[in-house]
Amino acid sequence: MIKLKLLIAFTFALLLYSCQFTDDGDFKYNVGTDFVTDPVHVVMIDSLTVDTYTTRTDSIATSKNSRFMVGRFENDYHIVTTCESYFRIEPSDVLALHSSSEFDGAEMILYLDGYSFGDTTKTVEMEIYRLTDDIEVDEETESIYNTTKFAHEATPIASFTVDLTDDDLDSVVVELPPAIGQEFYDLVYNEDEILSDADLFKEEYKGFLIKPANEKSSCIVGFVATPDSIASPRIKIKYHDNSIEDDLWFSYSIDKYESTSSSSSSSYVNYYASNYYENDYSKLIAYDFPDPEGKLSSKETSNVSFLQGGLNLATRIEIPSIDMLHYPGVGSVIKAELTFEPVAGTYINDSDLPSSLEMYLIGKRNINYGQLSLVGSSDKAYGVLHYNEEFKSETYYSFDITKFVVDEYLSSSDAVYALLLTLPQSSIAGDVDQLIIGNQDHPTNNMKLRVYLATY
Amino acid sequence: MKNSIKILSVICVFILSTPFVLRSQNNTSSPYSKFGTGELASVAYGRNLALGGSGYGLRDQFQLNIKNPASITSIDSMNFLFETGVNGQITSSSTTDRSQIFWSGNLSHLVFGHRYTNWLMGAYGIMPFSNIGYNLRTFQSVESDPSFVYTDWVGTGGLNKVFYLLGLKISKNFSLGGEVAYLNGSLVESRKTWAAVQSDNPTYYLSNSRYSSFTYRGAFQFTANLDKKGTNITLGGIFSPLQKVRGKSSVIIDQQYGENYVDSMYYYSGNATPIILPLTYGAGIGFTWKGKYLLAADYERANWSVNTDKTYIDQEIYSLGIERVPQNSLKYYNRCSYRVGFRYDSGYIRTKGHDIDDMRVSLGVGLPVRKSGSMMNVTLEAGQKGTTRMGLIQERYLKMSVAFSLQDFWFVKRKLN
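One line per chain: the protein sequences are A and B, in this order.
According to our numbering, the first sequence is numbered sequentially starting from 1.
According to our numbering, the second sequence is numbered sequentially starting from 1.
I should point out that these hints are in silico values taken from the structure, not numbers from a laboratory.
Among the hints, a few may not be true.
Distance condition first, Cα-Cα at most 25 Å in a straight line; then the derived PhoX-like pairs of lysine-lysine [unchecked claim]: (1) Lys228(B) with Lys172(B); (2) Lys229(B) with Lys290(B); (3) Lys290(B) with Lys28(A); (4) Lys216(A) with Lys149(A); (5) Lys352(B) with Lys28(A); (6) Lys256(A) with Lys238(A).
All of these numbers come straight from a predicted model, not from anything done at the bench.
Make a model of the complete structure from these sequences and hints.
This is how it looks when you write it as structure tokens:
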């Protein structure tokens with residue numbers, strides 16, 4: 001009896017003791033600041049040195065472009081960009097011209113594609129040359145690069161002027177010398193066997209070059225370059241037939257490149273035409289621009305660095321003192337944001353600026369290790385343009401480079417990696433647009449690196 | 001009789017070793033349980049509780065007054081006592097813009113008293129010492145940046161106290177007492193800190209501290225009869241030196257990046273930061289008038305400000321209680337005791353410029369069980385703690401406690417049967 005009572009009593013007590021309960025849900029008191037001392041502090045560090053360099057990466061295949069670019073532009077930093085276009089024509093179809101047909105004249109027709117870079121308020125004078133060299137395609141890549149030139153005759157066969165102030169201008173028609181036109185006419189009229197032998201034809205007619213006529217040119221103009229379009233560039237041969245009261249014509253079009261590789265992508269039209277892009281830095285720096293593995297410090301170029309399509313100029317970004325982040329104590333990097341501004345005056349409208357930029361992880365010799373991703377994610381990081389139409393001073397790019405800073409922070413070795421800021425690589429061959437950004441010391445458009453560090 | 005004590009002893013060992021396992025849920029939801037060892041559990045139960053928690057100057061023949069170990073020498077007619085109790089509490093926690101209701105309940109104590117000789121009495125038991133259960137969000141500004149960092153804090157756990165009291169009757173009027181207690185339990189805190197500029201990359205902090213330490217307390221009590229009609233006065237006091245509760249702790253800090261990428265940044269395993277239990281002393285008086293009315297008043301002070309953390313301030317507690325003493329009567333209601341009490345605790349935390357004080361009133365009744373001397377004490381307390389100013393939290397609570405004091409007669413087979 002005693003034992004039973006005891007057992008009941010203790011069982012009851014134990015049961016109660018184990019049944020402590022609180023009904024509190026998930027409610028969180030927001031007690032704000034100063035309630036307790038939080039040992040975790042977050043500090044924003046913006047004192048890390050960021051060095052920027054203009055660097056040139058690989059040359060760009062321009063034979064798959066849908067655009068010819070011709071012209072010359074000198075920017076505010078006296079870098080002179082020159083663009084030239086090379087192309088070859090294919091034989092015309094063999095037409096049975098009536099014996100009473102007579103040659104009237106020849107024209108080169110070029111359609112503007114709307115692209116321009118530089119001062120569009122002035123006219124651009126251009127010249128057409130005949131090539132003396134064959135246009136050759138890199139056998140391995142089946143492409144022609146922006147660095148390739150082909151020799152041409154000393155004197156132009158024609159010159160013309162493009163006036164971009166004329167809003168109605170959609171094409172230019174360039175009168176070619178009659179002797180040249182007559183030659184192309186005769187091939188057809190005589191049903192010359194060269195028309196059916198492409199190799200023979202290209203041996204005889206190596207191609208043409210269109211380039212800016214002189215150093216007065218201050219604009220680069222884009223022309224339609226795709227074959228098989230009504231706007232394709234062509235040489236138009238005009239004639240008349242006395243038996244028909246009408247003006248007649250036929251034309252020679254751009255020669256397409258027939259790929260020999262089965263793996264060649266069909267999404268690109270490859271053809272015997274290319275753009276040559278060149279920058280002349282001689283007015284900016286006293287020595288040759290570094291080779292693709294070298295770098296030009298922004299300190300030597302008025303605290304700016306350059307990005308440019310066509311020539312593949314990019315900005316190399318180094319953070320040499322990244323280990324200083326360890327000074328505040330044990331912690332972790334929670335965010336690193338790089339912001340930089342296009343230099344005021346180097347662009348007209350915010351909307352003309354590239355809306356996004358890309359960042360690549362590179363080694364000491366610009367060896368590319370791939371595009372930077374967001375931390376903890378496989379998504380790529382992109383630089384985003386922020387602008388405010390009202391306040392021009394608020395135009396800037398922000399780039400989340402947390403992944404890079406975290407990796408460098410956690411790495412025990414010295415910094416070997418750097419970042420390469422580029423224009424979007426998918427469209428880099430198609431234009432020569434420039435983006436000029438200030439470095440950390442730029443007086444008005446300076447670059448900033450903000451690292452948020454949690455210490456505990 | 002000896003048998004039952006043996007059985008009890010076995011069960012006691014079992015009970016004293018298991019509650020740590022059983023303690024799995026929070027018994028508080030107070031944000032203030034973030035501080036120190038957590039929210040200190042009530043040190044009083046039963047009669048003391050109803051008298052505003054006072055008890056330094058109380059002597060009771062039938063119930064253990066564990067507030068003053070020297071008082072247990074007053075149990076002179078029984079060999080054995082068992083006391084236990086439960087409580088249930090409803091708390092309304094309010095900030096200026098919202099309030100929330102919480103329920104909680106717990107076993108308040110398990111205590112055994114045992115008379116060894118006419119001048120030596122012991123008691124041992126277990127009771128919760130502190131409870132932790134907070135769920136907070138704080139923010140701070142980022143150094144040299146106009147943005148903020150948020151931290152969510154979740155704390156759970158608490159300490160249990162296993163204690164042994166010894167009372168020594170030096171003379172008819174004077175007793176000494178002492179307590180050895182073993183504090184044991186774990187405090188678990190997890191934090192998530194994230195910056196508003198990059199909320200995808202939070203920093204996680206998890207600390208698990210297991211504390212276990214012995215603490216000590218000394219006490220005295222002096223009593224004098226002023227007449228033969230039951231008027232007497234008792235003075236008592238307690239003293240405990242500054243003590244540190246030590247333990248082992250492990251800390252893990254993880255940095256999350258994006259959705260599922262976590263870097264372990266920091267790991268520590270070693271001694272936990274000791275919890276300081278400050279120098280505490282208190283004194284009280286109990287005055288019984290003609291065996292009919294009792295007045296009890298206590299004062300207690302704890303020097304919490306010895307903590308380097310400026311959040312801690314010295315604590316003062318004032319307790320006052322009045323009791324209608326049970327009478328020898330045929331009428332049951334006359335054999336009951338009726339109590340009323342008041343307690344003001346200045347608090348040991350000062351946050352955002354405000355002291356987190358606590359004020360409560362209590363009403364209680366002691367109900368005798370048959371003629372055994374066993375008693376059931378029912379106490380109702382109402383109080384409030386904290387303030388809603390400066391974004392702080394005010395807790396208003398209503399607490400009901402039921403305590404049983406069972407005497408050895410209850411365990412003894414009645415001879416008449």
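Hint by hint, here is what the structure shows:
The hinted pair formed by lysine 228(B) and lysine 172(B) meets the criterion: a straight-line CA distance of about 16 Å does not exceed 25 Å. Of the pairs offered as hints, the one joining lysine 229(B) and lysine 290(B) holds, with about 5 Å between alpha carbons and a cut-off of 25 Å not exceeded. With a C-alpha separation of about 53 Å, the suggested pairing of lysine 290(B) with lysine 28(A) is violated against the 25 Å cut-off. Under the criterion of a C-alpha separation no larger than 25 Å, the hint pairing lysine 216(A) with lysine 149(A) is consistent with the structure, at around 22 Å.
Taking the CA atoms of lysine 352(B) and lysine 28(A), the gap is near 18 Å; set against the 25 Å cutoff, the hint holds. With a C-alpha separation of about 23 Å, the suggested pairing of lysine 256(A) with lysine 238(A) holds against the 25 Å cut-off.
The structure is inconsistent with hint 3 alone, although it conforms to all the rest.
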